[in-house]
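> Protein sequences, first through last, are from chains A and B. In terms of my numbering, the first sequence opens at residue 105 and continues consecutively. In terms of my numbering, the second sequence opens at residue 1265 and continues consecutively.
By construction, these hints were calculated from the structure, which means they are not laboratory data. Mixed in with the good hints there might be a few duds.
[As the list claims (entries may be wrong)] Computed, partial: chain A to chain B, Cβ under 8 Å:
no., residue
1, 145
2, 165
3, 255
4, 301
5, 462
6, 481
7, 484
8, 485
Cβ atoms here follow ideal geometry from the backbone N, Cα and C, with glycine treated the same way.
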Amino acid sequence: MRMKREEAALLLIVAFGVAMRCLGLGIPDLATDEAQYVLGDSIGHPPLGIAILHATQFLGQSLIAARAVSAIFGILTILLIYGLAKMIFPKRGALLAAALASVFPSAILFSRLAYLDTMLGFFWGATTLCFLAARKQRHPFALLCLFLASLAATFIKTQGFLLPLFLLVGHFLSSRGRVLKDDIFWLLVLSLLPIAFFIPAHPGILATLALYGGNMFGIGGFASRVSLLLFTWKNILGIAMIVLLCGILALRSVPWPIWILLIIGSFLSLFLGPTHEYYTVFLVFWTIPAAAIFIHFKLWLRSLLLATLVANAFLLLPPSPSFATSSAELMYQKEGWWNAHAATVNTVLVNAHADSVIVLGAAGQELRWYVRPEVFVGKEMDVGERPRIYLVTDPKEAKRIQPAKILYGDENLQIDEH
Amino acid sequence: MHRGVLLLCALISLAVCAPSLKRLPGMAPFLNPKVRAAASLSMKDLRERGWWLTDASLERITESGGKICFSWDYRYRSSIVEQPSIIASTCH
Chain A
105 MRMKREEAAL LLIVAFGVAM RCLGLGIPDL ATDEAQYVLG DSIGHPPLGI AILHATQFLG
165 QSLIAARAVS AIFGILTILL IYGLAKMIFP KRGALLAAAL ASVFPSAILF SRLAYLDTML
225 GFFWGATTLC FLAARKQRHP FALLCLFLAS LAATFIKTQG FLLPLFLLVG HFLSSRGRVL
285 KDDIFWLLVL SLLPIAFFIP AHPGILATLA LYGGNMFGIG GFASRVSLLL FTWKNILGIA
345 MIVLLCGILA LRSVPWPIWI LLIIGSFLSL FLGPTHEYYT VFLVFWTIPA AAIFIHFKLW
405 LRSLLLATLV ANAFLLLPPS PSFATSSAEL MYQKEGWWNA HAATVNTVLV NAHADSVIVL
465 GAAGQELRWY VRPEVFVGKE MDVGERPRIY LVTDPKEAKR IQPAKILYGD ENLQIDEH
Chain B
1265 MHRGVLLLCA LISLAVCAPS LKRLPGMAPF LNPKVRAAAS LSMKDLRERG WWLTDASLER
1325 ITESGGKICF SWDYRYRSSI VEQPSIIAST CH
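Just chain A, same shape as in the assembly (with noise of 0.2 Å):
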């Protein structure tokens, strides 16, 4: 009886995160990787996971259909760690992982967002399962699952790969190499060629990867790395930090392609950017082991520290700004400029009669979401000479179109006309 009376909490935790997942998704304004990625426009990544996000916008724009994508790809992953979690442990441990992923900051705040990362956990998370599950027994739909979920993984973000190559060498190194007659080898590779193809083939990727070589990728730097790392973990999950803790302690309770799949979702971000926060939805796994601690604590232990991890979600990322506390993450805070304003925004260009703006200071790819004229980048055009109208985002860059008529201004944008 007490058990089914826990198990009904458990569940209450998971509806809750479910709810936490779909609240909020139209508060915060399009930052630019999302714009980005809704647009259908990115020259960095492989198309899977950006098609999947511009698909949401044939029926029209919507920040809030564009980002249910992440929303259901986030619920999709609280399932699935119950399934990866049930394959070691028995159900009411399964359950406390997924509970304590329902709870989990960095993943209710990514599945809010139009981010790729969600459906990258998704699908590594998938991988990782189906490569369980086949080895287990070679069933044949569980191999077929395999290949799909780490083909699409390839394809949602340019690291996707990482996680099928490192499970590919785990299985070789654990088959001592007797890998010749084994599908699971075989259609992992199959998985890996098209990306390996992919990548030379669309020379943006790689021209991504040597802008950023050298200093936000690579490893100089290496101890404020780990420090910015740690930070950046701590600012986004808070007292979740607890569940990294004890997952590390019971590290030895689950099998090697999880530590694989927690490895390179925790570790990634320390090479390719410790301060990119869309990385922590990586951690969510982390559950997994934290529950295999977490179940051998007395039930009023466990309770107390369910109910402190489901206020921390709550205090965090609260699902209106009305609800919204000094401890909340800044964009749950209040309405996005952007979202507030654009509207205002356009009317100043409509009356102005602009077809187009040149934008003066940073433009980020979330303009061509909000304004309805064509937008131009100022940052390198020769601006002095063009009578246009102007959206400064940068007030000394208005210095560059002097003299100039204000039509529009407050502390985020100025509209001019030159």
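Keeping the supplied structure of chain A fixed, place chain B upon it in accordance with the hints.
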């Protein structure tokens, strides 16, 4: 071994590889360091036009009169409009 599954996956893999295999010969000039150097200058040309590089798709690389030319297909896209494409060439 499950030959049927392997065959099906090999066919899917080949089908997904095909567009990249078709593009690969066109990208071979990037193996030449002179082309890579010219490419970064060409990107600067595009930025001077105020273009979004993510909207510019590289169509061809040719060599004429000792210069390396890149042909671009630029199509501005926003949430509201998709402009007709502009074909542009940058040579260095």
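> Next, verify each hint and record whether it holds.
Comparing the hints with the structure gives:
1. The criterion of a C-beta within 8 Å of any C-beta in chain B is met by residue 145(A), whose closest approach is roughly 4 Å, and the hint holds.
2. Below 8 Å, beta-carbon pairs count as interface contacts, and residue 165(A) has one with chain B at about 4 Å; its hint therefore holds.
3. Here the hint on residue 255(A) is kept, as its CB sits about 7 Å from the closest CB of chain B, short of 8 Å.
4. The criterion of a C-beta within 8 Å of any C-beta in chain B is met by residue 301(A), whose closest approach is roughly 4 Å, and the hint holds.
5. Interface restraint check: residue 462(A) against chain B, minimum CB-CB distance 6 Å, threshold 8 Å, status holds.
6. Interface hint at residue 481(A): satisfied, since its Cβ lies 5 Å from the closest Cβ of chain B, which is below the 8 Å cut-off.
7. Below 8 Å, beta-carbon pairs count as interface contacts, and residue 484(A) has one with chain B at about 4 Å; its hint therefore holds.
8. The interface hint given for residue 485(A) holds, since its Cβ lies 4 Å from the closest Cβ of chain B, which is under the 8 Å cut-off.
Of the numbered hints given earlier, the model fails none.
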